Amino acid sequence: MSIQAKPLYSVGVPMKRKEDPRFLQGKGNYVDDLTFPGMLYLSLVRSTYPHAEIKNIDISEAMKVPGVKAVITGKDLEAAGLGWLPTFHGLDKQMVLAIGKVLFQYQEVAAVFAETRAAAVDGAEAVQVDYAPLPVVADPFTSKTDKVLLRPDREQKTNHIFHWEVGDKDGTARALASSAKRVKQRIWFQRCHPAPLETCGCVAYFDTMGRLQFHVTSQAPHVYRTALALVTGIAEDKIHVISPDLGGGFGNKVPVYPGYVCAIVGALKIGRPVKWIETRTENLTSTGFARDYHMDVEIGATADGKVTALHIATTADHGAFDAAADPTKYPAGMFGICTGSYDFPVAHSEVDAFFTNKAPGGIAYRCSFRVTEASYAIERGMDILADELGIDAVELRKKNFIRKDQFPYPSALGFTYDSGDYHKTLDTALEKIGYTALLKEQAEKRGRGELMGIGFSTFTEVVGAGPSKHFDILGIKMFDSAEIRIHPTGAGIVRTGAKSQGQGHETTWAQVVAEELGLDPQTIMVEEGDTDTAPYGLGTYASRSTPVAGAAIVMAARRIREKARKIAAHLLEVGEADVEWADYKFQVKGVPAKAVTMKQVAFAAYTNMAQNEPGLEATYYYDPPNMTYPNGAYVAVVDIDRETGETKVRRFLAVDDCGTIINPMVVEGQIHGGLTEGFAMAFSQEIQYDAEGNNLNTNFTDYLVPTSAESPHWETANTVTPSPHHPMGAKGVGESPNVGSPAAFVNAVIDALSPLGVRHIDMPVTRDKVWRAIRDADANKV
Amino acid sequence: MKVHVKVNGVGYERDVEPRTLLAYFLREDCRLTGTHVGCDTSSCGCCVVVIDGDRAVKSCTMFAAQADGHDILTVEGLAEGGKLHALQQAFWDQHGLQCGYCTPGMLLTAIALLKHQPNPSEADIRAGLAGNLCRCTGYNNIVKAVQQAAGTLGPAAAGAS
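Note that the protein sequences, when read in sequence, are chains A and B. Going by my numbering, 637 is the number at position 637 of the first sequence; the sequence numbering is gapless. Going by my numbering, 1106 is the number at position 106 of the second sequence; the sequence numbering is gapless.
Calculated directly from the structure, the hints in this document are not laboratory data. Careful: at least some of the hints might be erroneous.
[Claimed, not checked] Here are the computed distance ranges between Cβ atoms for each label pair: (1) T1061/B with P66/A: 23 to 29 Å; (2) T533/A with T1061/B: 38 to 44 Å; (3) P1118/B with H713/A: 21 to 27 Å; (4) T1061/B with A79/A: 39 to 45 Å; (5) K1115/B with G233/A: 54 to 60 Å; (6) S1121/B with A491/A: 40 to 46 Å.
Predicted model, so just to flag it, every value in this text is computed and none were measured. We put the beta carbon where it would ideally sit given N, CA and C, even for glycine.
Put together the whole structure using the sequences plus the hints.
What follows is the structure in structure tokens.
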């Protein structure tokens, strides 16, 4: 007789998604699909100048446009005490509509409300704004000089927003000074935009009870409710935030934007529902940019390649307002994860952020607060070190990996890594990609002058913010929550404070409940995004759904199980101590044949509960004891056309370790999507500004999102090292591929070009940059 | 001006401004909100519908007036009698969607693609869908879904449980 493995019940099953039939039939319910009687449309007048004084705003012509009902400006809002909006991490505030001056091109200047979408746009075009241009600060290095003070509204008369540092400054300097090898490189992670296919938008109205009904594209609806209560003075019970189906988010839909406030003000002022939907241009130019970190990376090592110290000094371009949605105590987010997967004895990291005449943001674009920047810096840095030492990049990584036996591992910059087996994950990747054969092929090609590159990224993320002792947004601790109700027939509903944007919560949460309670996942409904019904939570971003809300669901389900045990004991006519939960049912200890299912217990909870409390539901607020640390080993294989500079990604393999996998199909899908966004950042996506502060990438013809034609065919695999502190061992995965892959792509390109002496190219690694690098290398040779 | 079209076999006559785009005509005048708008430059393909049976069109690039007298197929018209269209079923089986926003346009583009190329290779599919952006899936599974619907996917790869 063989030992029986745990039967496959629900977790670990590639269950087809429950939300798909409605999306497949055009029955999704996105915010722009909503319509209400008497609904008006809002269009925003936006600044044509990056920095200018507003001499006058003339709305008279706009008011004559047929259908226009009202126009409001910054002065109107200021008079109502709504001129400024606090940013989520509480270090700055943002103008709702420009007051006195504009600070970036496309900044919101006036709000026009009209009967139709077209009339609102006509009205916005008819608003006459008289600007007097001011000198433009288009980069953080110019900003640093304080020659032009951008924010005289602030107490601190400087463009410098904050200095943040972590680690041992002197110890790092000493270790670097005494290192046999030191490499240094400035690495810029360019400004990007998450650009979900659905832009941001809302519909606001006040119902007959005077309650604000606010339908909005929000990844964090409860935080919106509290923020709106604090900003507007409306009592929180009079605010109902509903985040409907979201057409992607990727961090773009975390902050509160000026358009939302204008819609609410318009609804209040005019007494009718107001809809505001961004155009793509408005989305790319004004809401939620990401990255824009200039990182000076320095790594010290022994002659044989053991790392001794890491120092990263970052100059951050935060745009016109410091609108990053980082946790309060972490103005540079989780950048301290920059020691990556390596056992650095000492490290120091500092970030200095500056205002510029660019759009505000600094949001966590498919990333746990600056983890993508940190991961890119260290993974590029390790390749540069390997190159300078003449050591294979794989060998260098293996030599410096945190070993399996070192977990839980206290990093030099203060994190406690929960678990991992980095050697195994990388070995899996090497075997699956056929590294030995690729090296042989590369050697042959190099002999013929052909450019083939193999690039690695063996990253570690930190996600699942986070423990209440460290993490809050606007003072609200970053717990999350779940409420489960099991109905008499054994069907049920689970609600959480998270909010799916395509991650498939309606499926995976049902699987988690089903696994914990032995119920049918097809009859577990999942509801999120409605602040009247969902328990309070901090929302979905920073890969926190599974680590935090997912854990809350498990714990709530276990509470239900404890209650159900009492009823099971009654049904089984034994004492509670004699009942055990085994094989997804309650059975009498030692008598497996004498058992009742959760479905039977659920019915009894409403019909035959004896002296027990009726009903079967539970709520759990989960305060995570630690973050989780998903990791992976990625390999990119590229061929570069020497004549045109064109890079072709021939193969890409991602081996991810995200701990326990709830739904392997969903996890694989998340990885495919994240890799494509990493590919986009590596090769095409950039929000550029010229020296005069003009935004050059204002729509999808300039901001290049990869299509099916150029996206590589993704290969994936997994290792599973469960998180020791998560009740299911899960770590989260949505962002890993986006965090880990950019360095693999760029490392592969540089590896291909390394015979020419090329050491670094900043992203996006476009064909013209590669072509120039080849041309310059060839010119140097002559 | 008056526009008369047949959408998914049902006639709609509406009085609209001449500048009304077909995408907004469908969404706001016909209240068929399955057709989405994701950009303003005909780049993303969320708004693709099929006109007269075999022509995939970005409905944000066509005036409603230009569709006058034509037959339009939108995502709402794909399932019949509660049964999903083979492409819808394939997208479900292959996890070819996540947030669902690009899905209607992908499905309609794929319908026109398979009309013109009933046995497309992976490269044909990738080229055929290049006018439709997806931010979630990375395209692997969308390609597989179209292969499944075309019957060109090996049995081993067909369908999750």
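Results of checking the hints against the structure:
For the hinted restraint 23 to 29 Å between T1061/B and P66/A, the CB-CB distance of approximately 26 Å keeps it satisfied. Our hint of 38 to 44 Å for T533/A and T1061/B holds, since their Cβ atoms are close to 40 Å apart. Roughly 22 Å separates the CB atoms of P1118/B and H713/A, a value that falls within the hinted 21 to 27 Å. T1061/B and A79/A have their C-beta atoms about 43 Å apart, which keeps the hinted 39 to 45 Å range intact.
Checked against the given bound of 54 to 60 Å, the beta carbons of K1115/B and G233/A, roughly 58 Å apart, stay inside it. Here the CB-CB span from S1121/B to A491/A is close to 45 Å, well matched to the stated 40 to 46 Å.
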